[in-house]
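Asks: Here is what each chain is made of, one letter per residue.
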Amino acid sequence: SAVISQKPSRDICQRGTSLTIQCQVDSQVTMMFWYRQQPGQSLTLIATANQGSEATYESGFVIDKFPISRPNLTFSTLTVSNMSPEDSSIYLCSVDPAGGFFGYTFGSGTRLTVV
Amino acid sequence: AQKITQTQPGMFVQEKEAVTLDCTYDTSDQSYGLFWYKQPSSGEMIFLIYQGSYDEQNATEGRYSLNFQKARKSANLVISASQLGDSAMYFCAMSFTGANSKLTFGKGITLSVRP
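These protein sequence lines are chains A and B, in that order. Everything in the first sequence is counted per the numbering used here, starting at 1 for the first residue and increasing by one. Everything in the second sequence is counted per the numbering used here, starting at 1 for the first residue and increasing by one.
Bear in mind the hints are in silico, worked out from the structure with no lab data behind them. One or more hints might be untrue.
Claimed, not checked - Heads up, simulated BS3-like pairs for lysine-lysine below, C-alpha to C-alpha not over 27 Å straight-line:
| hint | chain 1 | residue 1 | chain 2 | residue 2 |
| --- | --- | --- | --- | --- |
| 1 | B | Lys-107 | B | Lys-73 |
| 2 | B | Lys-107 | B | Lys-3 |
| 3 | A | Lys-65 | B | Lys-107 |
| 4 | B | Lys-70 | B | Lys-3 |
| 5 | A | Lys-65 | B | Lys-102 |
| 6 | A | Lys-7 | A | Lys-65 |
| 7 | B | Lys-102 | A | Lys-7 |
| 8 | B | Lys-102 | B | Lys-16 |
| 9 | B | Lys-107 | B | Lys-16 |
| 10 | A | Lys-7 | B | Lys-107 |
| 11 | B | Lys-102 | B | Lys-70 |
| 12 | B | Lys-3 | B | Lys-73 |
Produce the entire structure from the sequences given, and follow the hints as far as they go.
Replies: Put into structure tokens, the structure is as follows:
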């Protein structure tokens, strides 16, 4: 299965600033998925990132707040913009390298605290 | 639309005993995949087991087995011989079969293993 390196693992940020999270995959994948996990909650999909086109955002998430880049088939970034304490969450990237038959692989997560 | 339901409150099990974590799902699609993930306090998402909607046999992976009852739309996870390291959040998830399909998660169940 694919291995994902996600950075940073955690950060404490001031409100009003932005943080960019990176995910590097050790193999080429068509789609990368970005999730948010608010404290004590389940994972919610933010957007799906396809190389060469704009990301597809889920209801409740907008590009201005969560811009995503996908410059090639092994790398993606998610930016959390103009942060507020409500953005304090774990952010995870995920890929599905095998058509769903062997489990989606997740990055180790970025634990973000906004103060 | 897909929906995953996990309604159990926090679960407790004695070390070395078996435990069943419940999951029901709702979809009108005939081809789908069901997954269980473990999330320890570190926040990483660990893939445990996969069941395809057309699989006739229940999936097993070591101490994990999936009790798949398609007519009842349930996909319960059975953990045998519980270990202290099994204490974590457990998420049931679902996707449409095929590459690049997003995962939809249940709200999760907290499992605590008592020594």
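Asks: If any of the earlier hints don't hold here, list their numbers in rising order.
Replies: 8
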